[in-house]
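Visitor: Protein chains in written order, with the numbering used here: chain E, 177 to 458; chain Z, 14 to 87.
Take the hints with a grain of salt, since some may be wrong.
A few chain Z residues facing chain E, derived, Cβ under 7 Å [stated by the list, open to error]: (1) Phe63; (2) Ala71; (3) Phe77; (4) Leu78.
Label pairs and their in silico Cβ distance ranges [claimed, not checked]: (5) E:Arg273 x Z:Ile35: 38 to 44 Å; (6) E:Gly266 x Z:Val79: 46 to 52 Å; (7) Z:Leu49 x E:Gly358: 34 to 40 Å; (8) E:Ser380 x Z:Leu82: 19 to 25 Å; (9) E:Gly266 x Z:Asn51: 39 to 45 Å; (10) E:Tyr381 x Z:Ala32: 22 to 28 Å; (11) E:Leu430 x Z:His39: 16 to 22 Å; (12) Z:Ala55 x E:Val432: 22 to 28 Å; (13) Z:Gly24 x E:Gly358: 42 to 48 Å.
Hints were generated in silico from the structure; no laboratory data involved.
From the three backbone atoms N, C-alpha and C, an ideal C-beta is built for every residue, glycine too.
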Amino acid sequence: MSEDAQEQTHGEEAVAEHGAEAAHGADAAHGADAAHGAEGGLQIHPMDQFIVEPLFGDGPISFYTITNVTLWMMLAIVGVFVLMVLGSRGRAIVPSRAQSVAELTYGFIRKMVEDVAGKDALAFFPYIMTLFLFIVMANFLGLIPTSFTTTSHIAVTAVLAMAVFLTVTVVGFVKNGAGFLGLFWVSSAPLPLRPILAIIELISYFVRPVSHSIRLAGNVMAGHAVIKVFAGFAGVLGVGAIAPVVAITAVYGLEVLVAFIQAYVFTILTCVYLRDALHPSH
Amino acid sequence: MEGDLAHIGAGLAAIGSGAAAIGVGHVAGNFLSGALRNPSAAAGQTATLFIGIAFAEALGIFAFLVALLLMFAV
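Can you build the whole structure from these sequences, using the hints too?
Guide: This is how it looks when you write it as structure tokens:
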């Protein structure tokens, strides 16, 4: 989804270069120019904002390279840290604004875990709270103009989703032993149907991390790409650019909503999976 | 005209997004019609609403994924 995808974005020249660039080694340049040449339809290409670039120098990207993704994930963690430390420092009876935000978030997530996953899932409350705060902070930081949206990359969300998937699977087997396999054996269904349902349940279980990660990345990426498409229209139109600017404002408002709702959905699905692991019987 | 069959396929895959929109609208509309009949029970079911929307949306996102793969990976 990163450089290789960007390089093939547009036009025949990208297709022609594909053979050469597909074997891209260290010198396959990343960045907008490498992606679609000097010429191009829109001045602002909608997918340019997702290019991963190293912060220092222009070398190849390895797993230890500090890129803009690293920077913005760190900023998200710092943001969560500052919010929660400031929020829990005063402990006033009449809360300050930061304390209200921290307390409301805490209560919101705690109630969600308790309602959806059950009382015995509260042991996992710190993990779920961390997930929610990180995703919501990364989403909101990504809404700042010219910033980078880390959650728009499937590489980032896939790690989060795989962590949830592995946690849930391990917890399910530790808590229930082989009884966890009862999740796939629908005992309320007629006996001849059960093997077929078991196969379907098994497939749907393993598709979980895929849909879990792509839902977050897809929604965030699509919204940001839409904003940049309208921005490209504004660049072409000149004086008539007021219409795309109004449209960008409206889409941006929607994106603020999506940033919160997608973090909420990711968290609540984690709770649903956790409930399945703790109480696997159908 | 530029582009090739993969681009046509990506456009066809985008139809799946419209189908997911129908599904999400169905979930939200039915929730609303139920909530208006019994507003006192509605507040407790918003979590179910979002789970339902998320599951309906997941299949549209698979269509989106197919479109992305056709555009960038094929």
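Visitor: Between Leu430 of chain E and His39 of chain Z, is the Cβ distance one that fits in 16 to 22 Å?
Guide: Distance hint for Leu430 of chain E, His39 of chain Z holds at roughly 21 Å.
Visitor: For the hint 38 to 44 Å, verify it against the beta carbon of Arg273 of chain E and that of Ile35 of chain Z.
Guide: 41 Å, holds
Visitor: Is the shortest C-beta separation between Phe77 of chain Z and chain E less than 7 Å?
Guide: 5 Å, holds
Visitor: Does the Cβ pair Ala55 of chain Z, Val432 of chain E satisfy 22 to 28 Å?
Guide: 24 Å, holds
Visitor: Should the hint that Tyr381 of chain E and Ala32 of chain Z are 22 to 28 Å apart at their CB atoms be regarded as holding?
Guide: 24 Å, holds
Visitor: With 46 to 52 Å as the target window, see if Gly266 of chain E and Val79 of chain Z comply at their CB atoms.
Guide: The hint (46 to 52 Å, Cβ to Cβ) holds, given that Gly266 of chain E and Val79 of chain Z are roughly 51 Å apart.
Visitor: Just to be careful: measuring from the Cβ of Phe63 of chain Z to every Cβ in chain E, is the smallest value less than 7 Å?
Guide: 6 Å, holds
Visitor: Given a hint of 34 to 40 Å, does the C-beta separation of Leu49 of chain Z and Gly358 of chain E actually sit inside it?
Guide: Once the Cβ atoms are compared, 38 Å apart, the range 34 to 40 Å for Gly358 of chain E and Leu49 of chain Z holds.
Visitor: Interface hint check: Ala71 of chain Z, Cβ to nearest Cβ on chain E, cutoff 7 Å. Holds or violated?
Guide: 4 Å, holds
Visitor: So the hint says 39 to 45 Å: do the beta-carbon atoms of Gly266 of chain E and Asn51 of chain Z match that?
Guide: Since the Cβ atoms of Gly266 of chain E and Asn51 of chain Z sit about 41 Å apart, the hinted range of 39 to 45 Å holds.
Visitor: Given Leu78 of chain Z was flagged as interface, is its beta-carbon under 7 Å from a beta-carbon of chain E?
Guide: 6 Å, holds
Visitor: Does the beta carbon distance between Gly24 of chain Z and Gly358 of chain E stay inside 42 to 48 Å, or does it fall outside?
Guide: Since Gly24 of chain Z and Gly358 of chain E have Cβ atoms about 44 Å apart, the given range 42 to 48 Å holds.
The structure shown violates none of the earlier numbered hints.
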